[in-house]
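**Q** One letter stands for each residue in the lines below.
2 protein chains.
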Amino acid sequence: MLYAVNPEWRTHSSQDVNSQNDGKEVLIGGWIQQIRDKGRLMFLTIRDPSGICQVTLHQKNVSEVVWETCKKLTLESVVSIHGKVKADSRSKLGAELTPDSVIIHVVAEPKVPIDLTKMKTKMEIDTVFAYRELSIRDPDVAAVMNLKSIVAQATRKFFKQNGFTEIFTPFILTASTEGGAEQFSLDYFGKPAVLAQSCQFYKQAALSCHEKVFGLLPSWRAEKSHTTKHMTEFWQIENEIAFATDKEIMQVQEDLIAFIFTTVARDGEDQLAQLDRTISIPKTPFKKIPFKGAKQMILDLGVEEAQEEDFGATGESALSKSFKEPFFITEFPVHLRGMYYASNPTNPEVTRSLDLMAPEGFGELSSGGQRVADYKVLEERIINQGFEVSNFEWYLRMFRFGMPPHAGFGLGFERLVRWIANLSHIREASMFPRTPDIYSP
Amino acid sequence: MLYAVNPEWRTHSSQDVNSQNDGKEVLIGGWIQQIRDKGRLMFLTIRDPSGICQVTLHQKNVSEVVWETCKKLTLESVVSIHGKVKADSRSKLGAELTPDSVIIHVVAEPKVPIDLTKMKTKMEIDTVFAYRELSIRDPDVAAVMNLKSIVAQATRKFFKQNGFTEIFTPFILTASTEGGAEQFSLDYFGKPAVLAQSCQFYKQAALSCHEKVFGLLPSWRAEKSHTTKHMTEFWQIENEIAFATDKEIMQVQEDLIAFIFTTVARDGEDQLAQLDRTISIPKTPFKKIPFKGAKQMILDLGVEEAQEEDFGATGESALSKSFKEPFFITEFPVHLRGMYYASNPTNPEVTRSLDLMAPEGFGELSSGGQRVADYKVLEERIINQGFEVSNFEWYLRMFRFGMPPHAGFGLGFERLVRWIANLSHIREASMFPRTPDIYSP
Chain A
32 MLYAVNPEWR THSSQDVNSQ NDGKEVLIGG WIQQIRDKGR LMFLTIRDPS GICQVTLHQK
92 NVSEVVWETC KKLTLESVVS IHGKVKADSR SKLGAELTPD SVIIHVVAEP KVPIDLTKMK
152 TKMEIDTVFA YRELSIRDPD VAAVMNLKSI VAQATRKFFK QNGFTEIFTP FILTASTEGG
212 AEQFSLDYFG KPAVLAQSCQ FYKQAALSCH EKVFGLLPSW RAEKSHTTKH MTEFWQIENE
272 IAFATDKEIM QVQEDLIAFI FTTVARDGED QLAQLDRTIS IPKTPFKKIP FKGAKQMILD
332 LGVEEAQEED FGATGESALS KSFKEPFFIT EFPVHLRGMY YASNPTNPEV TRSLDLMAPE
392 GFGELSSGGQ RVADYKVLEE RIINQGFEVS NFEWYLRMFR FGMPPHAGFG LGFERLVRWI
452 ANLSHIREAS MFPRTPDIYS P
Chain B
32 MLYAVNPEWR THSSQDVNSQ NDGKEVLIGG WIQQIRDKGR LMFLTIRDPS GICQVTLHQK
92 NVSEVVWETC KKLTLESVVS IHGKVKADSR SKLGAELTPD SVIIHVVAEP KVPIDLTKMK
152 TKMEIDTVFA YRELSIRDPD VAAVMNLKSI VAQATRKFFK QNGFTEIFTP FILTASTEGG
212 AEQFSLDYFG KPAVLAQSCQ FYKQAALSCH EKVFGLLPSW RAEKSHTTKH MTEFWQIENE
272 IAFATDKEIM QVQEDLIAFI FTTVARDGED QLAQLDRTIS IPKTPFKKIP FKGAKQMILD
332 LGVEEAQEED FGATGESALS KSFKEPFFIT EFPVHLRGMY YASNPTNPEV TRSLDLMAPE
392 GFGELSSGGQ RVADYKVLEE RIINQGFEVS NFEWYLRMFR FGMPPHAGFG LGFERLVRWI
452 ANLSHIREAS MFPRTPDIYS P
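Here the protein sequences come in this chain order: A and B. Per this note's numbering, the first sequence starts with residue 32, numbered consecutively. Per this note's numbering, the second sequence starts with residue 32, numbered consecutively.
For the record, the hints were derived by calculation from the structure and aren't laboratory data. Mixed in with the good hints there might be a few duds.
Repeated chains share a single entry, so a pair holds when one copy, or any two copies, can fit it.
Claimed, not checked - Calculated lysine-lysine pairs in the BS3-like style (CA-CA distance at most 25 Å, straight line):
#1 K69 x K115
#2 K319 x K355
#3 K323 x K191
#4 K69 x K142
#5 K278 x K255
#6 K319 x K278
#7 K142 x K407
#8 K222 x K117
Please work from the sequences and hints to get the whole structure.
**A** Here you go:
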């Protein structure tokens, strides 16, 4: 019995219509994926989230009511069909269902705006997202979303079994937290507010309550970037640890990535097969490449853009393509990083920060590092980066009255899913993505 | 060894300074909670998220460096202290630490704005939230936040083991989803948008990908309600099931609540003790009271407000106070519910919807029910409730091209935590709450 499903509408899944269940009575529920009408013989393909099955009706073998009911069906209509499983070695699926009763829940209107009968034929990308509430019926989309659910569960399991506490940070904020990337403005009962572009300050504050924290939390950036790795609304795997350094948070990321890949390889086998994706579990530890060295490697790859101060999107992508395993870029210069990154005591121009990079051209996954815990250094950094000290009142006050040294990172959840599922664009890792061009459905 | 913590700063927790560890060398890290300076004898209380421990310094027994270093300490300074655990039956904590080396990470400024030395003395509520980044150092707050983390994990475990898939829905939306409660407006690259007040439409859509879905997701309501059970930013335990009815989702809620309480009773014992809270596991099934009967019960309790059409906040609270176990209110009239609730085929004035109510006066926890799956009924409802059909384009299109019958509910996450932790106000269930008056820190 399916838990929490009405047994008068559905007791089994499409995938239960298989040769092992020969002779069994089942009640399946789902959408009409295909109708092949051959006069006195009719084949229906029923789709539910578990897969598809075939219902075969010979007019002479089914009741008149069942025959007439099925004659009314259109593509994407929703039905419950009761009948007996019949193993059939000639059928691709190994079995078919002979119906003895049919409930029509909805007769779908004809002319579905997108063709859901041949889903492996790639649709125009604009159509996919304009009719996203329909295009998510594609089993490839379901496979990606199932992988996403598996990655989320694995992430939390990893943190839980290593003694981390889950946190929930606020999203409506009064002022610019970090500056830099753009924020969405909103009206908070007549007062100006913004949507959080990260939970940075709040996850640091949470170390007053907990020793080690994590969260899977949404963020927003109002950037008009038309790239394959940016959305305006996205989730981050967030992490912060008291009394930790940049060294420990690299280890956490290595262990986390290995744990997630191991879990996905085990629990996501069907989804990976559906997507024709093969993954291998990354070998730890990952390579650590200082910023200067990374820049030289990019120049050696012939990307001229890397002569600029930062090495840019093209450089990052080229570098990522040249790797088969994830790697870290370390020792970013102070002026290229957020003001909350601690600098190296022996070389104050350089931060104790790092980015985790995916291989195969997928590029940056996470940013993190050791944080500044000294109030005076932090105040100086805020001034040097051109911000107003008065915008950081509570954040600075927290440090004036004692915060431990700490480190942490934020890892792009959809970026990770994109890499695992091998998606050409990050928006495919979201059921209802938000980009500068898409904000509906 | 603590996972992912720098062993030069911290190898043990305060709670490891106990009589079982007599003679053991430990390195603890934390805040100075108390200083008692008795001339040649000094007692320091060190607080970390695991609890407190006592460090005892006799001037004659410690090095001059250690003595002079500790003399510099102020309340809330952050230190790492290495030393030997000494069991001491006279001490309240059963043991103390004799230090042989001390690292000062931060000397806190004197005059901490709130008194963190006597945290059981309740502070003024305005002070608590004005200095929330400091008041969360109170172990009572940590206990609540730890319970919240346990409830989140239990929720996801329950859904996972019952075959549900986790979903992530969008938060920036184009138009009013349900109408009714107010929404926060924001500017989406020059176009008007709103923050999601629920994921209702999107969790319904997700049933195109998955059979049964859940999510722990934030929502926002721009209501200026000054009540003990409303925040403008809150999380909901969201759920939707294809081929289910109102009956099944009542069972899911009963099982979920029982599972969460069982988990909290086992994993949250220390936190419940810290809060002086005793919980008992609710007995299932819960009572089901039709709306009309609930109204009569409230009138019998002497709440005159219940003579109004809906029975209001006072009525709800009075009814909840009269119960010792959670219960459902069912059969709400169509005109008092969202337009997406299916009506009873035998009595079309009444919906197949329900609210889950907590006992002890905590009131409404969830709303849910059977949804309308028929396109024409839905369109009629939208018109009857005074909305513009054109605002529901993609939502209606989804039903035009076939959606299965389905049911679901949304359960207030902080409301549940408030009940479990016995908090007087819902904002105490949030580390950084958002109410009409609070939006910083």
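**Q** Take the hints in turn and mark each one as holding or not.
**A** Verification of the hints:
no.: 1; hint: K69 x K115; in the structure: within (22 Å within a copy, 86 Å between copies)
no.: 2; hint: K319 x K355; in the structure: within (14 Å within a copy, 59 Å between copies)
no.: 3; hint: K323 x K191; in the structure: neither (36 Å within a copy, 45 Å between copies)
no.: 4; hint: K69 x K142; in the structure: within (21 Å within a copy, 87 Å between copies)
no.: 5; hint: K278 x K255; in the structure: neither (34 Å within a copy, 46 Å between copies)
no.: 6; hint: K319 x K278; in the structure: within (11 Å within a copy, 56 Å between copies)
no.: 7; hint: K142 x K407; in the structure: between (66 Å within a copy, 17 Å between copies)
no.: 8; hint: K222 x K117; in the structure: neither (66 Å within a copy, 56 Å between copies)
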